[in-house]
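Given chain A, work out where chain B should sit, using these hints.
So the sequences go chain by chain: A and B.
With this note's numbering applied, the first sequence corresponds to residues 1 to 180, in that order.
With this note's numbering applied, the second sequence corresponds to residues 1 to 168, in that order.
Be a bit skeptical, because a hint or two may be false.
What the hints assert, rightly or not - Listed below are several chain A residues computed to face chain B (Cβ distance under 7 Å; list not exhaustive): (1) R37; (2) F114; (3) E115; (4) K163; (5) E174.
Derived by calculation from the structure, the hints in this document are not laboratory data.
None of the values given here were measured: they were computed from a predicted structure.
Glycine included, each C-beta is placed from N, C-alpha and C at the ideal position.
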Amino acid sequence: MIEEEALVLDLKSKSKQAHAFEVLVNTYKERLYWQIRSIVLNHQDADDVLQNTFIKVYKNINGFKGESKLFSWMYRIATNEALNFIKKRAKLQGVSDTDYQDKLVSNLEADVYFEGDEIQLQLQKAIATLPEKQKLVFNMKYFQELKYEEISEILDTSVGGLKASYHLAVKKLEQYLKED
Amino acid sequence: MNKNKNNPFKTPEGYFDSFEDKLMDKLSKPESVIPKDSAFKVPDNYFESFNDTLKGKLENEPKVIPLFPIKKIIAVAASIAAIVLIALNYNWNTPSELTFSDLANTDIEAYFENNDFELSPYEIAEVLPVTNTEYSDILNSPLESDHLLDYLNENVSDFDELNIDYNE
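Okay, chain A solo, but in the shape it has when bound (with noise of 0.2 Å):
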């Protein structure tokens, strides 16, 4: 793990900014390209999202406080992007943010990145009928394998909240694909 404070004093200061951020983009450029994919679901969309959340990062890194930890607020960036990237694509197109999803699921029979069997196509349709929240917690807990802290200090919600928010999202993806 590289050292935050460090990483984030270097990345303010004009003589070490560029290399800084080469280190930041390849220690997270992975985990956010995941989280980003998790919810737009396609690669081209999650590549531009991807490269909008840094430069974002990069402009607006001189008003990191530091009050959260570095990866927390990048992943919470992430996370605002895509989900605005969604409700954009939604509204340009006259449809609801769910039919919109329900779309993005539908595309991935024919998406070449998408190399899923039956049941993995089963569990995106299921994941797409989950509420928000449950869908966010749900991909970060059981696809990126992070922890409650970690979730809990991005998404901004108390562990329990999240562990009951996993629960029932795991019941309804069971119960879901059970009865298809």
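Only chain B this time, still in chain A's reference frame:
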């Protein structure tokens, strides 16, 4: 359980303190029905080449650079004109404060649409005054009196329950 002083059974230290966490962990433990692999893939070398792509994008980010000095002159002239206009208007027009009615309905709708308040219908019902709301504000098609009578006929057994105020 009754707490008997002579109860010979003991629990490990801190057992009850950590019980809830252990239980919740167990409850939230994934079962085999859900596949562990999400099946999402990325193009070959995507992460390796990402830094270069990002660098290119950052360099191409638009920057505001003054192109011609004439623009500066126009800007200065415009500022002076604006200051003069404000100074002239100052005594005649007192600036009015922005009120709620100045907000366009579309802005308010857009605000509610874009912000997730996580309010349940019951919570919304608590905030919205029923007296000021017409049925026509909510329903797209007008309520036919025949339908209304049918509904009451089917769903209300005791008409006294309706508490209708008769004017007579």
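Do the hints match the structure? See the list:
1. R37: It holds, given that the least Cβ distance between R37/A and chain B is near 6 Å, below 7 Å.
2. F114: 6 Å, holds
3. E115: Since the shortest Cβ distance to chain B is 5 Å, the answer is holds.
4. K163: Result: holds, 4 Å to nearest chain B Cβ.
5. E174: The hint holds - E174/A has a Cβ within 7 Å of chain B, the shortest such distance being about 5 Å.
In summary, the structure agrees with every hint in the numbered list given earlier.
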